[in-house]
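**Q** Residues per chain are reported as follows:
Protein chains: 2
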Amino acid sequence: IVSVQLMATQAVITNDQKQTATQLMQTAIKSDLGMEIVTSLTTEIGPRLGGSEAEERARDWGVKLGESLGFDNARIEEFTMPFWDRGHLHISLSSPYQQELYGTALGGAAPTKEKINADVVYFRDIHALTEVKDNSLTGKIVFVDGDKMVKSQTGAGYGQANQRRRIGWQHAQRSGASALVVRSVGSDSHRFPHSGMMSKDGENWADIPVIAISNPDADHLRRLHNLGKPLAISLHSESKWKGEVSSGNVILDLIGSEKPEEIVLIGGHLDSWDLGTGAVDDGAGVAITTAAAALIAKLPKRPKRTIRVVMFGAEEVGLLGAFAYAKQHEANLHNHVLATESDFGAQTIWQLVSNVNPQATLLVDEIAKILSPLGIVRGGSDVVGGGPDIIPMAAKGVPTIRLNQNGRDYFDLHHTPDDTLDKIDPDELAQNIAAYAASIYLIADSDVDLKP
Amino acid sequence: IVSVQLMATQAVITNDQKQTATQLMQTAIKSDLGMEIVTSLTTEIGPRLGGSEAEERARDWGVKLGESLGFDNARIEEFTMPFWDRGHLHISLSSPYQQELYGTALGGAAPTKEKINADVVYFRDIHALTEVKDNSLTGKIVFVDGDKMVKSQTGAGYGQANQRRRIGWQHAQRSGASALVVRSVGSDSHRFPHSGMMSKDGENWADIPVIAISNPDADHLRRLHNLGKPLAISLHSESKWKGEVSSGNVILDLIGSEKPEEIVLIGGHLDSWDLGTGAVDDGAGVAITTAAAALIAKLPKRPKRTIRVVMFGAEEVGLLGAFAYAKQHEANLHNHVLATESDFGAQTIWQLVSNVNPQATLLVDEIAKILSPLGIVRGGSDVVGGGPDIIPMAAKGVPTIRLNQNGRDYFDLHHTPDDTLDKIDPDELAQNIAAYAASIYLIADSDVDLKP
Ligand SMILES: [Zn+2]
Ligand SMILES: [Zn+2]
Ligand SMILES: [Zn+2]
Ligand SMILES: [Zn+2]
Chain A
3 IVSVQLMATQ
13 AVITNDQKQT
23 ATQLMQTAIK
33 SDLGMEIVTS
43 LTTEIGPRLG
53 GSEAEERARD
63 WGVKLGESLG
73 FDNARIEEFT
83 MPFWDRGHLH
93 ISLSSPYQQE
103 LYGTALGGAA
113 PTKEKINADV
123 VYFRDIHALT
133 EVKDNSLTGK
143 IVFVDGDKMV
153 KSQTGAGYGQ
163 ANQRRRIGWQ
173 HAQRSGASAL
183 VVRSVGSDSH
193 RFPHSGMMSK
203 DGENWADIPV
213 IAISNPDADH
223 LRRLHNLGKP
233 LAISLHSESK
243 WKGEVSSGNV
253 ILDLIGSEKP
263 EEIVLIGGHL
273 DSWDLGTGAV
283 DDGAGVAITT
293 AAAALIAKLP
303 KRPKRTIRVV
313 MFGAEEVGLL
323 GAFAYAKQHE
333 ANLHNHVLAT
343 ESDFGAQTIW
353 QLVSNVNPQA
363 TLLVDEIAKI
373 LSPLGIVRGG
383 SDVVGGGPDI
393 IPMAAKGVPT
403 IRLNQNGRDY
413 FDLHHTPDDT
423 LDKIDPDELA
433 QNIAAYAASI
443 YLIADSDVDL
453 KP
Chain B
3 IVSVQLMATQ
13 AVITNDQKQT
23 ATQLMQTAIK
33 SDLGMEIVTS
43 LTTEIGPRLG
53 GSEAEERARD
63 WGVKLGESLG
73 FDNARIEEFT
83 MPFWDRGHLH
93 ISLSSPYQQE
103 LYGTALGGAA
113 PTKEKINADV
123 VYFRDIHALT
133 EVKDNSLTGK
143 IVFVDGDKMV
153 KSQTGAGYGQ
163 ANQRRRIGWQ
173 HAQRSGASAL
183 VVRSVGSDSH
193 RFPHSGMMSK
203 DGENWADIPV
213 IAISNPDADH
223 LRRLHNLGKP
233 LAISLHSESK
243 WKGEVSSGNV
253 ILDLIGSEKP
263 EEIVLIGGHL
273 DSWDLGTGAV
283 DDGAGVAITT
293 AAAALIAKLP
303 KRPKRTIRVV
313 MFGAEEVGLL
323 GAFAYAKQHE
333 ANLHNHVLAT
343 ESDFGAQTIW
353 QLVSNVNPQA
363 TLLVDEIAKI
373 LSPLGIVRGG
383 SDVVGGGPDI
393 IPMAAKGVPT
403 IRLNQNGRDY
413 FDLHHTPDDT
423 LDKIDPDELA
433 QNIAAYAASI
443 YLIADSDVDL
453 KP
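Each protein sequence line maps, in turn, to chains A and B.
Numbered according to this note's numbering, the first sequence spans residues 3 to 454.
Numbered according to this note's numbering, the second sequence spans residues 3 to 454.
Watch out, some of these pointers could steer you wrong.
It does not matter which identical chain is used: a pair holds within one copy or between any two.
[To be verified] Think about it this way: if two alpha-carbon atoms lie no more than 27 Å apart in a straight line, the pair counts; the simulated DSSO-like pairs of lysine-lysine are:
#1 K153 with K32
#2 K20 with K306
#3 K303 with K231
#4 K117 with K242
#5 K261 with K231
#6 K32 with K202
#7 K303 with K371
#8 K66 with K371
#9 K66 with K231
#10 K202 with K306
#11 K329 with K32
#12 K20 with K371
Because the hints were derived from the structure by calculation, they are not lab data.
Could you build the full structure based on these sequences and the hints that come with them?
**A** The following block contains the structure:
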């Protein structure tokens, strides 16, 4: 067994490759390049809502950055999209007394026609709200509470918690309510609302305003409700759809030395929610993947395959850049030998998972051993999905890996005003870059086919 | 030496007293009363700016609470005060691009006459600003940066950091600037501005708007400034003085069984800044001192001296309740045998300091030994000041002690929207109540005179 294992090892990664990967990791750990990139993006561009003028500035920034780092063919691939603008919001408790609430409109929400001041009907969670009768709450404001999102390394609590954000409006609107207020989907206890997109109902977005309030504000409403106090809320929101605009993906290539047509795709998303400056979501992912590829670009010899960094546009508002990429490159997706995205913050990577064929699984196993000194373990070899923007490609058969980050604190900051540069630990960011540089180099320089 | 020490001990605290104090501590640690009080205040009253209608509701709440807990003569002592109202603020970066800033008006600031949009002149710290020339910055907005407040157990960084908040406006106004923006005085890195009062210049308050922005926002402006980007800020603020209003102190007594005329005064302040709900500043202090006295009230026999709980009004806006109390009780201050206030959050007490006469210092030494199981050490015996609201009384000769709390995290929350109930740890609050109950009981039941 030992000798078979050894032979397999020799077959998939050469000693030279291993040595180069290890040197890349050592260089990455000492490099400031990742912090420089995310500092530049968050400082010089700031918040960059999908479809906004700021996102356009970010694309120009991305192309200039790519050129300065030695990428080939730095370019923008445009697409069009509907633009949702947050506008100004004022929300306060008006009964049992006047108090400001810390809220924000959810993505896709309609504006108030005029200022609303209405009694609140309390629902303990989304399950209770789904049982509401049609037209039973005309003119009321629905508040759907829920439990604070569970913290975990994997972010496992997110899917459950964000039901109230995604589909709550459909039930509130059915009930005839004037507006919906929801407990934010976040694991923190700070006075920040968490933004995020709602789900469409077929082709329809909400006709009512939908506002997320912070966990402490939701706690406050719950306590008042439990005391039997009559709750009322005053609300004015300008959020609305504003028609078609341009967005785009930024593409940076390192053309491969032997098989330039074969593409190993990595990336993050360039847009951010507009409350913070999009440092951990997803300036970090852009910085990690761009810096990793830039370190590979400095090697004496290019890897065999092309490494492509994609800075996806308009991810937050519905993976619009990802769908545009998959469509624009549809004819060439069979040449995408692997795709993976960094979009889960800036804390350390702890696990490598994959969804590739059995022979390539052996390659990923060997890569995991090389990453081991970074504190990374091998995870499942049948884990679908290489990140949100990879979904449309993976659905069309592109193989994926994922370098799973510790997401325990990610949902403290996610989509809040508090997602700013100071939240990134440079050492943790560098560990990410080391892992990407080594693993992407090894895949790009390999002859192994990864298709399942 | 041992026998002298023992004799001294026997002289100042009897075994019965020691046993009662220890029982009080054990009861306090298990009691929910403190959490119930601060939960009720923050939930049922909410934010309560000095001089507001909400602060008036808080006084009625305080009287009802005192009556329900068995205090004697629960009453309000009114005073009048000028009312400063925060009003609505909008502040954003307008160059090099549009971005919301998270700010709040500082106490005493003037409104913008109309919306301002002006170039920013950057000062690295308050020392740089104090050297500005008169009328040299007409029409500009001054931004005074500084270092993030140093975190410490004692809160030692506060005095240094809050110079920019206190006197910055005097130099900005002198320079002819249209407005002053300052880095918040806070030790956190969250996107919350810290409010707080400015200092008067003689009898004059600022004629210009003065806005504190969060630490991450200030970091952002600093980085843009260091990149040489031209900064401009757009600003509209409604904060202003609105004339004389009523406020008051709530007084709750436990009349002493042998020397009712001798008063041991404890308390906190009932008002809060209006951004949060005043949980750690100073709902906690009100809860700690009221609960401690209420536990003493349940003893089979009242202590010899009167214990008085004062919920001071309008502390944040200039110790107005404290000055009113000292004036209204001037003729009787010689009967105030001790005064102390809890106003430094809700974390555990770690030290007992005092400013009493040498014989009474021995009493405080013995009290510290009894508190030792709570994790409290004896500190200085010549430390002036029993808390902010005690200053006017202490200046007129009233002896003081102080149960020093761990303030390491206090200035993360201090005067921000994030000062809410969820920030209080019930076990830490209970430790405070235990320490107050035991020490105040021992002083109230003592015959030792404390006057320096
Ligand atoms: Zn993201
Ligand atoms: Zn996101
Ligand atoms: Zn205070
Ligand atoms: Zn305060």
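**Q** Give a verdict on every hint.
**A** Hint check results:
no.	hint	result
1	K153 with K32	neither (31 Å within a copy, 29 Å between copies)
2	K20 with K306	within (15 Å within a copy, 81 Å between copies)
3	K303 with K231	neither (71 Å within a copy, 39 Å between copies)
4	K117 with K242	both (15 Å within a copy, 25 Å between copies)
5	K261 with K231	neither (69 Å within a copy, 44 Å between copies)
6	K32 with K202	neither (45 Å within a copy, 50 Å between copies)
7	K303 with K371	within (24 Å within a copy, 73 Å between copies)
8	K66 with K371	neither (36 Å within a copy, 68 Å between copies)
9	K66 with K231	between (57 Å within a copy, 18 Å between copies)
10	K202 with K306	neither (43 Å within a copy, 71 Å between copies)
11	K329 with K32	neither (38 Å within a copy, 64 Å between copies)
12	K20 with K371	within (10 Å within a copy, 64 Å between copies)
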